[in-house]
Amino acid sequence: MATLTAAEYEAVAARHPAVFAGSRRKQVTRLIVGLGFVAYLVFAWWFFAVGTVLANGNWGIAGVYLADWVSYETRPNIVFTSDGLKVKYPRFSAYSDQRQPEWVELQDVRAPGLAGRVAMTIGNGAVLVEPGQVSARRGGESLAITVAPDQTVTAAEPLPAWAGQKKPGGTIVLSFGFSGSVQIEGDEVKVRHRFWGWEDFVFDPNSPFWGKSLGEVMSLILSGDRIEPGMSNAQLAWDNILNNSEWQHGDVWLKLGQTIVMAFVGTVFASLLAFPLAFAAARNVTRNRVVNQVTKRLFDFLRSVDMLIWALFFTRAFGPGPLAGISAIFFTDTGTFGKLYSEALENIDDRQREGIRSVGAAPVLVQRYGVIPQVLPLFISQSLYFWESNTRSATIIGAVGAGGIGLKLWEAMRTNSDWENVAYMVLLILIVVFVFDNISNFLRKRLVNQSVA
Amino acid sequence: MTATTSDTALAVERHWHDLASRRRLYSLGGLVLMLVALGGSLWFANESSAGKFWDRLPHVFDFIDQLVPRDGWEVWRALFDLPSPYADGSLKYDYPDGRIYITQSFYIPQYFYKMIETINIALVSTIIGFALGFCLCFLAASNIVTQRWLRFFVRRFMEVLRAFPEIVIAGFFLAVLSLGAIPAILAVSIHTVGALGKMFFEVVENADMKPDEGLRAVGATWVERVWFGIVPQVMPNFLSYALLRLEINVRASTIIGAVGGGGIGEALRLSISRTHEAKTLAIVLLLLLTIIAIDQLSAWLRRRLVGEQAFAFGRGG
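Chain order of the listed sequences is A and B. Counting from 1, position 373 in the first sequence corresponds to residue 832 in my numbering; the numbering is continuous, with no gaps. Counting from 1, position 60 in the second sequence corresponds to residue 1183 in my numbering; the numbering is continuous, with no gaps.
It should be emphasised that the hints constitute simulated quantities derived from the structure, not laboratory data. Among these hints, one or two may not hold up.
[To be verified] Distance windows between CB atoms, simulated:
no., chain 1, residue 1, chain 2, residue 2, range
1, A, Phe760, B, Ala1143, 40 to 48 Å
2, B, Val1155, A, Val523, 50 to 58 Å
3, B, Leu1393, A, Phe760, 35 to 43 Å
4, B, Lys1175, A, Phe637, 46 to 54 Å
[What the hints assert, rightly or not] No farther apart than 20 Å at their CA atoms in a straight line, the calculated lysine to any residue pairs in the SDA-like style are these:
no., chain 1, residue 1, chain 2, residue 2
5, A, Lys649, A, Ile719
6, A, Lys798, B, Leu1404
7, A, Lys755, B, Ala1416
8, A, Lys649, A, Gly629
9, A, Lys547, A, Glu658
10, A, Lys798, B, Ser1265
11, A, Lys904, B, Gly1430
12, B, Lys1215, B, Met1358
13, A, Lys798, B, Ala1416
14, A, Lys755, B, Leu1362
15, A, Lys649, A, Gly716
16, A, Lys798, B, Ser1421
17, A, Lys798, A, Glu870
18, A, Lys485, B, Ala1416
19, B, Lys1175, A, Ile719
20, A, Lys649, A, Lys671
21, A, Lys904, B, Val1326
22, B, Lys1175, A, Ile815
23, A, Lys485, B, Pro1359
24, A, Lys485, A, Val501
25, A, Lys485, B, Ile1415
26, A, Lys485, B, Ile1417
27, B, Lys1215, B, Ser1228
28, B, Lys1175, A, Gly778
29, A, Lys904, B, Leu1404
30, A, Lys649, A, Gly623
31, A, Lys649, A, Ala607
32, B, Lys1215, B, Ile1417
33, A, Lys798, B, Pro1359
34, A, Lys798, B, Gly1430
35, A, Lys626, A, Trp655
36, A, Lys671, A, Gly645
37, A, Lys671, A, Val497
38, B, Lys1333, B, Ile1417
39, A, Lys904, A, Ala803
Glycine is no exception: its CB is placed at the ideal position from the N, C-alpha and C atoms.
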């Protein structure tokens, strides 16, 4: 057997350049298409002013928002008063004068929330606030800061890298990385301490179960005395969870249920209506050109008027809620299913139908035994496929007013302070989509196997 | 002998009856389950809706009343930004105010401009999604990548991109970048990466491996094997799926537009909520025509690329 050496390869290639170079036209076309894409992207960059928008973006806040997805902040303010240091919390905080977090230690307490000194541990650092004096430590470095009566803030030594001051005598900000920050102003110290996790996820601070360990809660439920005389402890706990003021579990689950129902009912009804219409649209089943064309154009119309338009219209008709979403999905998908079903019908095997017809069956029976067994698995499989994708669509049309979890998500995002709730809802949606995806895949696989066997 | 045969026949028939009745039982059970689920869902939907179904049913088509303009020509005036005879200074008849002037005298009507914006959002996101999905899909295909963990990781990654609600991505970037088209582009393209990546790797897994074998025999690197062995055969299918995705993305960017991403969706939402009948009709007409045109164009291109098989299934995940 002859083997070619590298030199012979080269020689062959040199003798037949056309084979190795490829056609010139193809190369030029490729080049033009590539350049066209680049030119288009440059145009789009200009058209959407991408550079300006990105430069003007509030990227600092993006980090905070992202951190809010999986963590929360506790924000005590320590105010310098003539009586001592007053520790204050925001209005809806879990903490108050009576209830201080573990990492805040009030020393020399004079009244609830009023102390002579306040010691705090933040991450790998610690801060001690005294009247007119703040001493901070992070890692091995420490810093002493004096707050003069004329409200000027000065550090005793040059500021380390983790502290910043914009102008002499002004506010000093101490950064403790992810763990938080301390802002020392002339009249108060603002502390932000960030913790991983979701705050008060199960019980809110108004609940008698708040702050108790799982064991304590269980023993209260199983054997404790009734906290509320009107209901058992288990009922109270469940009620407290559903009405958690921060997480609103009951409402979120209700809205999620609405979204699931929208997708389910919309898909089922669309399939049911599209089924008979598809028979009218298939030209091999209904031999009437006019009927075929009218139904097909109806499908096209329903499909092309976008789900968004239907959703906006039906939100006006039914008000926000699942009925609007159901109708929107129903209208759009009747068109989609009609198109898919009628195409499936037009591609059926005609021999089965002829066989049934040859034994003298009535027209309806011909369809029942000659056509439906062939197409039904396909129809159901397609409906299942859309069921899962409609669950996602239902989330989006919910946001434009059709209700459900989409609207709730949108409201949570608009306030820009509830990103942890957004994360919670996204997690629920991902779980639902994942579960439905698997159910629909499982059923589809079974159906397709059955029809093959 | 005859007795045994008929015994066998009887047994077969009995078995067939058993199977048939079990099948019937399963079908009936499935149907009952379905009806219960449907009934429960309907009851739940009705209970938790703001407007009750039976109370609101007579009013379902009320919105059509709100779509009747003062006269037929109003729709065209709204569509082409021509002055209206009913102009009273209100937003309802301010059609010429929306004109976008390109030169001194030549303008693009407002809704056409917004439609172009929406189409561009869809186009840019499809291109970005195509590029990234293209890069990712080979890493998820079992015939190209032998490392299980890598495939597993890439597939789960694409699944999350696909299932992550678009509206959350849009909402997040709207908070960071303020109103505009870029949050919409980001949201739609992130979803597109996941959706196209899944379609693509399934195509790659069905590719003919003989060219790859040949390239492997002459010592081609991994990238060369993919580029010269796989890409040429899967490219038509990839482009076909990308075109299908473009159709979906036009719709998706309209919807994202309605929640703050700009473009025609926003115009439509505003116009419907303010009951500007002529404007609403003009936008619906424009959207309908554009979507039909894009669907037809894409169908024609796909038919040229891969033939009839491009029409086997619906719009995809």
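These are the hints, each one checked on the structure:
| no. | hint | verdict |
| --- | --- | --- |
| 1 | A:Phe760 x B:Ala1143: 40 to 48 Å | holds (42 Å) |
| 2 | B:Val1155 x A:Val523: 50 to 58 Å | holds (52 Å) |
| 3 | B:Leu1393 x A:Phe760: 35 to 43 Å | violated (24 Å) |
| 4 | B:Lys1175 x A:Phe637: 46 to 54 Å | holds (50 Å) |
| 5 | A:Lys649 x A:Ile719 | violated (44 Å) |
| 6 | A:Lys798 x B:Leu1404 | violated (25 Å) |
| 7 | A:Lys755 x B:Ala1416 | holds (16 Å) |
| 8 | A:Lys649 x A:Gly629 | holds (14 Å) |
| 9 | A:Lys547 x A:Glu658 | holds (19 Å) |
| 10 | A:Lys798 x B:Ser1265 | violated (34 Å) |
| 11 | A:Lys904 x B:Gly1430 | violated (26 Å) |
| 12 | B:Lys1215 x B:Met1358 | violated (49 Å) |
| 13 | A:Lys798 x B:Ala1416 | holds (17 Å) |
| 14 | A:Lys755 x B:Leu1362 | violated (27 Å) |
| 15 | A:Lys649 x A:Gly716 | violated (41 Å) |
| 16 | A:Lys798 x B:Ser1421 | holds (16 Å) |
| 17 | A:Lys798 x A:Glu870 | violated (36 Å) |
| 18 | A:Lys485 x B:Ala1416 | violated (29 Å) |
| 19 | B:Lys1175 x A:Ile719 | holds (19 Å) |
| 20 | A:Lys649 x A:Lys671 | violated (28 Å) |
| 21 | A:Lys904 x B:Val1326 | holds (19 Å) |
| 22 | B:Lys1175 x A:Ile815 | violated (47 Å) |
| 23 | A:Lys485 x B:Pro1359 | holds (15 Å) |
| 24 | A:Lys485 x A:Val501 | violated (24 Å) |
| 25 | A:Lys485 x B:Ile1415 | violated (32 Å) |
| 26 | A:Lys485 x B:Ile1417 | violated (27 Å) |
| 27 | B:Lys1215 x B:Ser1228 | violated (24 Å) |
| 28 | B:Lys1175 x A:Gly778 | holds (9 Å) |
| 29 | A:Lys904 x B:Leu1404 | violated (44 Å) |
| 30 | A:Lys649 x A:Gly623 | holds (15 Å) |
| 31 | A:Lys649 x A:Ala607 | holds (17 Å) |
| 32 | B:Lys1215 x B:Ile1417 | violated (30 Å) |
| 33 | A:Lys798 x B:Pro1359 | violated (24 Å) |
| 34 | A:Lys798 x B:Gly1430 | holds (19 Å) |
| 35 | A:Lys626 x A:Trp655 | violated (33 Å) |
| 36 | A:Lys671 x A:Gly645 | violated (38 Å) |
| 37 | A:Lys671 x A:Val497 | violated (60 Å) |
| 38 | B:Lys1333 x B:Ile1417 | violated (37 Å) |
| 39 | A:Lys904 x A:Ala803 | holds (18 Å) |
When each numbered hint is compared with the structure, violations occur for hints 3, 5, 6, 10, 11, 12, 14, 15, 17, 18, 20, 22, 24, 25, 26, 27, 29, 32, 33, 35, 36, 37 and 38.
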